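Novice: Join these two chains into a complex; the hints should help.
These are the residues of each chain, in order.
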Amino acid sequence: MSNPATTTPAPAPAVPPPVEKIRIKVDGREIDVPKMMPNWQGKLEPTTMLQACHMAGQEVPHYCYHPKLPVAGNCRMCLVEFGTPMIGPDRKPVLNEDGSPKIARSVLPYEPQTPRGAIACATPISPGMELYPNSPATKQMREAVLESLLINHPLDCPICDQAGECKLQEYSVQHGQSASRFVEEKVHKPKAVDLGPRIVLDDERCVLCTRCIRFTKDIAGDDALGIINRGSYNTISAFPGRAFDNNYTLNTVDLCPVGALTSKDFRFKMRVWFLKETKSLCTSCGTGCNITIGSREGVIHRYEPRENNAVNGPWMCDAGRLNYKWVGRKDRLTEVQSRGQRTTWATAIKEISERLASATPGSTAIIASARQTTEELYLLKRLATRLGAVTDSVPRAGNADRLLVCDDRNPNSQGARLTGITFTELGIQLAWIADGIRNGSIRHLVVFGEDVTQQGIGADLLGKLETLIASDILPNATTARAAFVLPGCAAAEKRGTFINVKGRVQRFEKAAEAPGDARPEWEVLHELVEKVTGSTGFTTIEGLFNQMAKDVPALAGLEWGKLGDTGVTVAI
Amino acid sequence: MPEQYKLILKHIDQPGYTPDIECYLRHGGYEALRQALATPPRDLPDGKQLSPQEVVREDVKASGLRGRGGAGFSAGLKWSFVDRRSGKPIYLICNADESEPGTFKDRQIIHKDPHQLIEGMVISCWANDVKLAYIYIRGEMPQGARLLNQALAEARAKGFLGKNILGSGRDVEIYVHRGAGAYICGEETGLIESLEGKRAYPRIKPPYFPAILGLYMCPTIVNNVETLCHVKHIVTMGAGEYAKLGTPNNTGTRIVSLSGDVKRPGYYEIQVGRVTLGELIYHENFGQGLKAGRSLKAIIPGGSSSKVLKAGEVFKLNRKAADGQMTKVDVPLLDLPYDFDSLQGAGTMSGSSAIIVMDDSRSMVDCLANLSEFYAHESCGQCTPCREGALWLAKGLHRLSHGEGRKADADYLQHIAQNIQGRTICAFGEAASWPVLSFVKKFREEFEARGAADEAARSKGAGPARDLKIAASPNQH
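Chains as they are written, first to last, in my numbering: chain A, 23 to 594; chain B, 416 to 892.
Here chain B stands alone, though its shape is the one from the complex (with noise of 0.2 Å):
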């Protein structure tokens, strides 16, 4: 039977627990970190040794975590790519700036175990010599950011943080910054530019890595508030334990934040690739199915730029067969395992782990026209085709959705959103397009029947068809 397991929620919304360290303590807190500090240097068989943080890198390697920010990147490797013979400062900094529309898992750690990522990040900071991390908080979440500063001084106060944590003669503080509320700064190099008290541009790379030339121009990591969290489970549980959760490639848990038309959204945590689409839509322990009366329409899988998924489709995905070889198989939609890879295979991502479900009440056209009002607000400007494409999308869809349509927008929308992926500084472009892409490519009938309906009604009546009268411009500052 489908059903949640709890590792980083284990003690969220459990009756009586408490966001501050004694709560915290009680549960058992901390108690990963002084296992982290007492790690013992590691014998390898070609006879070097590897140093205690040495060890916890190569643990979180072997754990196979993948970054549950939005890219599913392996942070183990990520860690690895960082320039550690620079001379200069490390920095970490927990990326909390969770704005994918559709996402609300970090908010659920930094509200109500706040020590649960300061613990995941003081042991990080150990373990990558980093003795100064920031987390980057966005600014619509005042109370977010109020909580974890109060936790922050109770671990301070408790010598979890600061200097010389629990006697081990090292030095580790995070502060807390907060953002001002803009979508870009959640993409890591606009993230660091922000924090730097810069306008959030996204940097180019190369050469601005951020594992070699990130803050202040200084070595940086950049994880996610759940991916640090999973950190301090892998200490605890031990990178061959951790790597059991969930499938292979895809381990550990995560925390999927459900919504749109179900009949029980929320955020629900899954051993990744244990738990289909289809359950965490339909099943009891999860979604408990669409609303009375509704039929399924549409998914949006992984936050809403990954691309949508239509009832019905099914898609070849490569399997291991029983004797080792990989062949193609049919998978439906709603049997797609819920993890990075299967939703790879099925042409999107899981991007923030959210999913969005759309009924057949809803309109693709006017869901995208949302979508992509949202990221022509949201585009930094900085490069031209996502500057220039996001709004003029918004625009194409705004007059489609508002009776001003043709036929041959579909086509339109297709050609501007082919000109923006790839072609950008950062993945914004990306998440622009995506949407617009797979919505039109996956419901054109529905985008041509809107535009088609739109230029009868414009040729009826008397005398020559009305000129095409341009909408009004969606959000002009």
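Chain A with its partners taken away, still in its complex shape (with noise of 0.2 Å):
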């Protein structure tokens, strides 16, 4: 019964017109790149030696350089020796003997024994150019900038969080050399300094890459951040007499290449070589950021964004970053219970599937949490439409930002939208659901994720209903008067998808085991269904997404399969 998930990719996309291509060695390797590549916004420019070298399958090591950040070239880093076509004084390329171009290395211009290198990061190639990224100059200019770095840094990598994830450290696995000439005295700097209410920065581990400067700058918008004093002893500092606060200071954690920022929430918490990643999404608004959540036996310590550049880029703010603790809370529903008293799924699913069925037609409604994921939605629509139920969902509105931050704050509106639990608005049959309790029409309610005691269906109203049935995560006013409470559980406890603000479908995965007898309410609303209407469903979620699939128009074609890491986008 379960229809296995196809992996096949995704249709290639109509073919894009022909891209200039420019004939280079690398390493002695013939290679055709394009001429012009997109810079940190998406804008073409000249293909530079770093993405050269990337396309030949030579990653060059950097720190300041990043894709979605302006260009500093200073850490010196990613120098890469090279040599161009000689030119005679004809203006003709001078050939060897063998009728190949001669290649000029580059070399000091006051010191021709001595190669020069060039930065990879913001030197565009040219054709017949030659990049060495693994000549011996190249792997001494890169040793020396290693020297350089780690002369002042403090080697504190035992107690320092970066370890495990640090540039400095990987690159001096790789190419740094394990002795110090350096005799001298250290030059000190600021420890633990508070940057904001988010961010500690220890001065003396910065490199002075400048990522986190142009971040907040260039991308957040925010000039809060810029060097004070001169030289070696350069330091990182927010603007005098103002916290670092801004809601992405966030991102400059991840950005820092060392363990120069570091997360006030992380901060000590745990290594990172003992998290387990799992792809997952940001369930705080309707921009559906893509996430990695950080888990150790069962415990989230961390989100970090995850790269999406139809969706978040390799950004996501702090409140959504942080909006994972209560995932953890004592309070958490973790009984089933049936007016009152602890029971078992089976026995709470079968009296609600016996109630549900022999209700009057008309006499349930569903109120739908547009947090909970699509394949959720989808099942309650069936449910809904096999007992006549009205349906609706609650809106949450908040301020949007210029980056990520959407003024829906609810993660999946348009999977209550496409599932067809609700209008183009959220939350307008609430009032009439409401006056439907009131005049007896509605006996029967049945609430996924929500406190409908907020939403006009207050304490007085709950009391009429014949049956209130409740599935939510934490307590609340709706549940302490359920006949049926039914512990749900967090995104990250369970697989699905949402669908955020503009209609990308995206799939996420479960990071950490739900508390108690919390199960992932899809598989719940599968069992009910499945006894209220004797269709039979889907064991997986692969089956269930690719049932859905073909049942909601506007996600005809789609399999789960076929979604991928980052989603895909429908017409909404």
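Keep in mind that the hints were calculated from the coordinates and are not lab data.
Don't take each hint at face value.
What the hints assert, rightly or not - Straight-line C-alpha distance at most 30 Å; calculated DSS-like pairs for lysine-lysine:
hint : chain 1 : residue 1 : chain 2 : residue 2
1    : A       : K532      : A       : K298
2    : B       : K613      : A       : K239
3    : B       : K613      : A       : K114
No experiment lies behind these values; they were computed from the predicted model shown.
Specialist: Laid out in structure tokens, this is it:
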């Protein structure tokens, strides 16, 4: 009965216009690379040596370069020796005896016996150019830059949070020397600087790559960080008298290639190599930022943005990133309850399905949160169709910003719309449902993931119901009055999809086990729908999604396996 | 007989010559500007015609004028790189950040003949379609800034500056911007950043060549004070006459700042290449020799960042023989003609034309420690090799000059310096490393002896050799 997810790749997009290519050599191997490539803003610019090396399978080490930030060229780690075809006095290429073009290796103009490197991050390639990312001269330049970066570094890896994901460590292993010649006293700089509510800075670990400054100024639009002092005493600092507190500060922790910028939330909490990484989604608004959940033994330790250029690029907001604490709250709903008594899922589902199946058609209402997954909303809609139930969801509005945060604070409003749980506007049926309860036409209410007492259906109205079924993660006034309480899961504890405000269908994976009896709602709903409607469903999320894609017109043609890690955009 | 040739300094230091505009006008001031504005178009053999502005630009190129700031790059060529089709305004910046230790020529012009600079700038602006120019003056020259502002007001009042200069229909405005005292602001892209109100971090090239993406990302010309003054004289004399001054490829005159262990330090204007290093130091018209009983030890020939020359060195220079063939000729240090090419041929540079003379009383270790401390203090810290290397050098030299040396320090210093030069965003990397590389190379025995003596002192006395006690870091903030 399960429909195995296919893993065939998405069909190739329409053939793009031909790209002008340049033939170069990387470490002696000829390769054709595009003449122009997207820069940090996505605008086409002449392809750089770093991009060309990447295409040739040669990663050029770097600290300051970041594909999504303006190029600074300050770390000098990406210095690469190169050569260009020699041009004779007659402006014609000079040839070797075998007819191949003679290459002039780059040398210092004042010292022609010494090779000269160019910063691969900012130097455009030209036809016939030869790049030597592994030549002895290139390696020597890297070693020298690393030596310089390390002489004043505190070398405190054992107590540094970055250990295990530190570019200084990685490059030292790959390109460094085992001993230092430095016998002088190190430069001392401020330690544990409180930059703002979420960020701590260790200036001694800083390699002054200025990624944090550039991100904060050019991406977050907040000119809050800068450098004070001069030379080797250069020190990253927030604007004097101002906290570094915009909603994107924690991205600087991700960007920091070393352990200089650390998150107060994650600091000293967990060694990164113990963390299990799970691909997931942020649920704090309709943008649907892709995230990686770092968890260990069922405990979530951090969210990090996961690059998806169709959605969030490599960034996410601080509010979304820190919105995971409630997952581990002690007062989570962990027991299936029937009229205040603990019961089993089997008993509860049987009772509920009998109750709903026997209800007068049209006497049931379903209020499903737009925080539920698309699959759950789809199952609830199927239930509603069978019961002739009115359905709605609850809008959550906030202020949008110019970068990522969306004014729709539900992660799946589009899912609620496309599955038919709501019409274009969320919540317009709530008053009608309240009236129905008041006048007795609605006798049964199924609530998933919302506290309806906050939505005009107060305790008095809930008291009039024959049946109140509430599924939620945390206790609230609605679950307190429910005949049946069904403990649900956070997104981090289940699999499923959300559809963001722009129609991006994105799937997420399970990072941690839910506590106690709590089960993914789609599993529970799937059993319920089966019992109430008599139709068989799918026991896997893949099969369920694929079935939904067949039933929901907007999702036609989609398959779980084709969503990939970054999702697919559908028309909305 | 070697003597001064006063073109730029013609009136400076004359009795009664004052920096005000009336005095300047009495001495023929702003006539070159009138002449430039009246330049007729020039017909070319191929039937094309050069506009008056193009004529002046061509003349500056033909004059062979090379930048007087340090790099000695052709001024006319620099102007020709300017992107004139971008549709963006073109800016001209006068680099008056004269900060290279040993250099004190531009300040003479600014303090004593500011209108000469302004006239040169207005002509250069006109010739390059520049409407707005800046004089970026070193923060430590407040009096110079005051004088320049006063002179600009006078020029404005007389119609040499501002709207519709001398009825030409062209507008040219010049503003003075004071730096805050950083050596790096003399680097043209650092200067531009500073002028934009930012930290003076030099820009990466590519893509930020000032001629294309300069001030406010617009095409920009950055010229030294003295260079811009020469433009006035090229207009007055004509390119051909001007090019007769000096020597081929090293045309015109140059103001040399002579300092150190000479009897008569000062600034001397010479025809480039017509006077030798020896004459500048020993001749009665110039330095008048060393102090009594002293012998020459070394010469820093072009500002503190140029490579040191050692007394007694002989260089192989290219010379054109009578038959036109290039031959190698042995030229002793003191016979080196003081020009761009000869000094480059000697493995150093004429730089900002600041000669620092060192006699036998000087310890090269101590001199270098002093220089390196300057460069460690002035490194902007943007890029890794210079930021970390400059202070590393200074610390090592501080140690070596304070009794904590090691014999191996000569290699140690050379190793550090080699990892800076050629690997940085701007030429500061060379400025910080060249003195070290050249001092250690040419006076290695002095560095090794100093380190060996310290090692011997440490191992003397009872017990095991004393550990190296790290001396306090220089210029710790």
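Novice: All the hints need checking, so say for each whether the structure fits it.
Specialist: Now for the hints, and whether the structure bears them out:
1. Of the pairs offered as hints, the one joining K532 of chain A and K298 of chain A holds, with about 11 Å between alpha carbons and a cut-off of 30 Å not exceeded.
2. Distance check on the hinted pair: K613 of chain B and K239 of chain A sit about 13 Å apart at the alpha-carbon level, within 30 Å; holds.
3. At roughly 44 Å between alpha-carbon atoms, K613 of chain B and K114 of chain A are farther apart than 30 Å, so this suggested pair is violated.
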